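**Q** Using the sequences provided together with the hints, build the complete structure.
Using the working numbering, the letters of the sequence shown correspond one by one to residues 29 to 257.
These are calculated hints, taken from the structure and not from any lab test. Computed from a prediction, not measured in an experiment: that's the story for all the values here. Any given hint could be a false lead.
[To be verified] For lysine-lysine, the following BS3-like pairs were computed, each having C-alpha atoms within a straight-line distance of at most 27 Å:
#1 K240 with K223
#2 K223 with K146
#3 K227 with K240
#4 K146 with K227
#5 K127 with K227
#6 K240 with K146
#7 K114 with K223
#8 K240 with K183
#9 K115 with K183
#10 K183 with K146
#11 K114 with K227
#12 K227 with K183
#13 K127 with K146
#14 K223 with K183
#15 K240 with K127
#16 K127 with K115
#17 K115 with K240
#18 K114 with K127
[Unchecked claim] Just the calculated beta-carbon pair ranges, DEER-fashion:
#19 D47 with E198: 45 to 51 Å
#20 L64 with K146: 27 to 33 Å
#21 D82 with R54: 22 to 28 Å
#22 A117 with E74: 33 to 39 Å
#23 A61 with D129: 31 to 37 Å
#24 N75 with S140: 38 to 44 Å
#25 R213 with Y236: 21 to 27 Å
#26 E198 with K227: 19 to 25 Å
Glycine included, C-beta positions come from ideal geometry on N, C-alpha and C.
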Amino acid sequence: MPTEVTSADHPVPAVFEADAEEYLNRNQVYETARQLLQDLLLKRPENPLQFMADWLNHGGSKGRFIILGPPGIDLSGLCDSLIAMKKAAGDGHEVVHIKSDEVCGGIADPSSPETDRKMSEAMAAAVEAQEGNHSAWVISGYPRTRAQARLMLTKWSVVPDRALILTMPEGSQELESSADEDCERLYEERIPAVKELLKYIATEVEIYPGDKDSSSQRMYSLLFRQART
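**A** Below is the structure:
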């Protein structure tokens, strides 16, 4: 007759039961495992164990972030301030700013049906270059359309960990020209579809354009400090 095996036969140390969850969360084990499995499934290398070993030896994903916001916000300046804060923290992890306006400046022709694909390929190449250097990165101003967001999530070999979608309080800034109004209207038309595709990684953040320091500090807390709590 089989003997019933109980927990008393293989006791779990009380310290493990009490502290395991806190330990795993404090050291970001769950998040690291999620990122590792995500990269493994995206790349599907022939030798998965070697890939995982190399991934961990290089420190894993140090941060892959997207910052989006309406035309009235200085995205590039905020991202530069964010990166300066990270550098000042002195943890040795480099963060690179990938500016979509610079990467895609020569191909952003709204009249071409190939624009979304070309921009996606250009941005993917810029991201891959930083992945090869094992650097963290922040993208400003991309994706801009639903098609670009879908291409990013389905065609890139890596995908972002977090996205911040910046908003301004109503009436905080007057648009100065009809061109600004056109850009604002186009952004407002497109951003709901982008947010829908990024909903599992996106956080909306209200900022005040005239207070870059506090806005950058809030972004820094959401992207870097929050991950350590």
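**Q** All the hints need checking, so say for each whether the structure fits it.
**A** Each hint tested on the structure:
| no. | hint | result |
| --- | --- | --- |
| 1 | K240 with K223 | holds (24 Å) |
| 2 | K223 with K146 | holds (21 Å) |
| 3 | K227 with K240 | holds (26 Å) |
| 4 | K146 with K227 | holds (24 Å) |
| 5 | K127 with K227 | holds (22 Å) |
| 6 | K240 with K146 | violated (32 Å) |
| 7 | K114 with K223 | holds (26 Å) |
| 8 | K240 with K183 | violated (34 Å) |
| 9 | K115 with K183 | violated (31 Å) |
| 10 | K183 with K146 | holds (12 Å) |
| 11 | K114 with K227 | holds (25 Å) |
| 12 | K227 with K183 | holds (18 Å) |
| 13 | K127 with K146 | holds (16 Å) |
| 14 | K223 with K183 | holds (18 Å) |
| 15 | K240 with K127 | holds (18 Å) |
| 16 | K127 with K115 | holds (18 Å) |
| 17 | K115 with K240 | holds (17 Å) |
| 18 | K114 with K127 | holds (17 Å) |
| 19 | D47 with E198: 45 to 51 Å | holds (47 Å) |
| 20 | L64 with K146: 27 to 33 Å | holds (31 Å) |
| 21 | D82 with R54: 22 to 28 Å | holds (25 Å) |
| 22 | A117 with E74: 33 to 39 Å | holds (37 Å) |
| 23 | A61 with D129: 31 to 37 Å | holds (35 Å) |
| 24 | N75 with S140: 38 to 44 Å | holds (40 Å) |
| 25 | R213 with Y236: 21 to 27 Å | holds (22 Å) |
| 26 | E198 with K227: 19 to 25 Å | holds (23 Å) |
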